[in-house]
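Required output: the full structure, derived from the provided sequences and hints.
Residue numbers (my numbering), protein chains in the order written: chain X, 1 to 271; chain R, 272 to 542.
It is possible that some hints are incorrect.
[To be verified] Stretch by stretch, here's where chain X covers chain R in the computed footprint (C-beta under 8 Å, at least three residues):
{"id": "1", "segment": "348-357"}
{"id": "2", "segment": "473-481"}
{"id": "3", "segment": "508-520"}
[As the list claims (entries may be wrong)] Per label pair, the in silico range of CB-to-CB distance:
{"id": "4", "chain 1": "R", "residue 1": "Ile396", "chain 2": "X", "residue 2": "Ser173", "range": "40 to 48 Å"}
{"id": "5", "chain 1": "R", "residue 1": "Ala437", "chain 2": "X", "residue 2": "Asn218", "range": "32 to 40 Å"}
{"id": "6", "chain 1": "R", "residue 1": "Ser312", "chain 2": "X", "residue 2": "Thr63", "range": "36 to 44 Å"}
{"id": "7", "chain 1": "X", "residue 1": "Asp228", "chain 2": "R", "residue 2": "Gly529", "range": "27 to 35 Å"}
{"id": "8", "chain 1": "X", "residue 1": "Asp191", "chain 2": "R", "residue 2": "Thr334", "range": "27 to 35 Å"}
It is worth saying that the hints were derived from the structure and are not from the lab.
No residue lacks a Cβ here, since even glycine has one placed at the ideal position from N, Cα and C.
2 protein chains.
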Amino acid sequence: MITYLPLRISKPLGFLLTITTYLLQGCSQKQSAETAKPPVSDFMYQYSIIDALLAGVFDGNLTLGQLKTKGDFGIGTFNRVDGELIVDQGNVYKIRYDGSIQEVPDTDSTSIAFVKFFKADSTFIIKNITLDELEKKLLAVLPANEMYAIRMKGHFEKLTSRAPGAARKPYPSLKDHLAKQQHLFNLSNTDGVVAGFLLPGYIAKVNVPGFHFHYLANDHKSGGHIFDFTATELTVEIDKIQGYTVELNTHADFDKVGLEKDRQEELKKIE
Amino acid sequence: MITYLPLRISKPLGFLLTITTYLLQGCSQKQSAETAKPPVSDFMYQYSIIDALLAGVFDGNLTLGQLKTKGDFGIGTFNRVDGELIVDQGNVYKIRYDGSIQEVPDTDSTSIAFVKFFKADSTFIIKNITLDELEKKLLAVLPANEMYAIRMKGHFEKLTSRAPGAARKPYPSLKDHLAKQQHLFNLSNTDGVVAGFLLPGYIAKVNVPGFHFHYLANDHKSGGHIFDFTATELTVEIDKIQGYTVELNTHADFDKVGLEKDRQEELKKIE
Numbered sequence: 001m002i003t004y005l006p007l008r009i010s011k012p013l014g015f016l017l018t019i020t021t022y023l024l025q026g027c028s029q030k031q032s033a034e035t036a037k038p039p040v041s042d043f044m045y046q047y048s049i050i051d052a053l054l055a056g057v058f059d060g061n062l063t064l065g066q067l068k069t070k071g072d073f074g075i076g077t078f079n080r081v082d083g084e085l086i087v088d089q090g091n092v093y094k095i096r097y098d099g100s101i102q103e104v105p106d107t108d109s110t111s112i113a114f115v116k117f118f119k120a121d122s123t124f125i126i127k128n129i130t131l132d133e134l135e136k137k138l139l140a141v142l143p144a145n146e147m148y149a150i151r152m153k154g155h156f157e158k159l160t161s162r163a164p165g166a167a168r169k170p171y172p173s174l175k176d177h178l179a180k181q182q183h184l185f186n187l188s189n190t191d192g193v194v195a196g197f198l199l200p201g202y203i204a205k206v207n208v209p210g211f212h213f214h215y216l217a218n219d220h221k222s223g224g225h226i227f228d229f230t231a232t233e234l235t236v237e238i239d240k241i242q243g244y245t246v247e248l249n250t251h252a253d254f255d256k257v258g259l260e261k262d263r264q265e266e267l268k269k270i271e
Numbered sequence: 272m273i274t275y276l277p278l279r280i281s282k283p284l285g286f287l288l289t290i291t292t293y294l295l296q297g298c299s300q301k302q303s304a305e306t307a308k309p310p311v312s313d314f315m316y317q318y319s320i321i322d323a324l325l326a327g328v329f330d331g332n333l334t335l336g337q338l339k340t341k342g343d344f345g346i347g348t349f350n351r352v353d354g355e356l357i358v359d360q361g362n363v364y365k366i367r368y369d370g371s372i373q374e375v376p377d378t379d380s381t382s383i384a385f386v387k388f389f390k391a392d393s394t395f396i397i398k399n400i401t402l403d404e405l406e407k408k409l410l411a412v413l414p415a416n417e418m419y420a421i422r423m424k425g426h427f428e429k430l431t432s433r434a435p436g437a438a439r440k441p442y443p444s445l446k447d448h449l450a451k452q453q454h455l456f457n458l459s460n461t462d463g464v465v466a467g468f469l470l471p472g473y474i475a476k477v478n479v480p481g482f483h484f485h486y487l488a489n490d491h492k493s494g495g496h497i498f499d500f501t502a503t504e505l506t507v508e509i510d511k512i513q514g515y516t517v518e519l520n521t522h523a524d525f526d527k528v529g530l531e532k533d534r535q536e537e538l539k540k541i542e
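What follows is the structure in structure tokens.
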């Protein structure tokens, strides 16, 4: 269900009440509609886990062709951390370290990606807002234990993003790789689409809690992992997620890194 | 694929080498067979998350009839934490606080459950072993970042388990509930089946890292969440898991509990 709210909102309270009302309507109507079809369609799918990427598992065996069967919208990266990945309307794009954009062949692979079949439960338009302000408004109205896919289109007076260059073996940690191979882009007056997620704290180690957004300019000349923006006009679409599927990375490197901590610690809580 | 290893193993080294060989054979053969069918069949499915149960979300909206469509093997509990849940060969059983066993109607609901369509990759028989000894042997040979469903059948000289009584509203935390409503069973010379999982540390907050087993006696007269056992003969079946699906608890209580911590903390690691 898509609900358009083409009002010009200036008062924060009005914003909060309106988005709350529309989200609740969207979610309740959606849940009743869900009963007629397989629930998996409203789930996020992800290949590999963020802690593996952080530990240097930079290769995976999932092709982009396979990824597209799991969702038409999302974010991630490519093997060797060769740029930022964004999926919008079923197309996969690579934002390279030099800021250029490529459509990517289905035969290329990803080391980590998070996708969903995007279907907005709520849509609203907001003007003159920074990313930080928008995030605070969304956190104030969206239940903290739920998961959301968020798609935004608009005009950005300023937008700061990055993309990494590809790593070479032996792979370092992601932090060390980004320290040397992260290229920053300071964009001005750019029109484009933002894809990403708002995820809860309990998904830590597997995905990124909080907001995580990638950008693709409409002219396909810039993009990247978003650090900050100021938007003059923004259409925000929010899609509440019913759950998620994690497919473990089948590359041999996945079993070689040390992810394991506190095994058995959790069990003590229920004994 | 089921591989039977009916040897009498006495030396630890022999045990380790043999299980390693059989597991590797099982997994490689399984992966090539998986390509012909949807990969979801080899995934664990879970309804709700462990941190919600710990925080007192003791009700859920998933019926046992729905749960059975997600797997024929697994563990969990029922609404109100009314006993321990075990699924084996497609049947759902309740181990009540008084130690009695019930088959449960499909219309009952669960607040949390973890299930899979069980298909052993490896099977071995081992004699005269405690749970602690068995877990140490398995941890020594199974890659720590992977996930496993584990089914065991045998004769237990001793087995200690528990089952909780149902909670009443307002629900306390699980820890507080178990402190008052946990009933211990010290079983002797019992034959039955153990169902459970070995899960990695990164699944913390969502599920229970490490080993987690429930028991059902063959005569359906005892069972429960296992604390310890000594087995005289045990057939151990291990099923490597490709990934997992988490369906968020749709009960209204899920949005009311405070699970949220360290939002945005993780994002800092990749910026």
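Results for each hint:
| no. | hint | result |
| --- | --- | --- |
| 1 | 348-357 | violated (count 0) |
| 2 | 473-481 | holds (count 8) |
| 3 | 508-520 | holds (count 8) |
| 4 | R:Ile396 - X:Ser173: 40 to 48 Å | 43 Å, holds |
| 5 | R:Ala437 - X:Asn218: 32 to 40 Å | 57 Å, violated |
| 6 | R:Ser312 - X:Thr63: 36 to 44 Å | 20 Å, violated |
| 7 | X:Asp228 - R:Gly529: 27 to 35 Å | 29 Å, holds |
| 8 | X:Asp191 - R:Thr334: 27 to 35 Å | 48 Å, violated |
Going through the hint list in order, the structure does not satisfy hints 1, 5, 6, 8.
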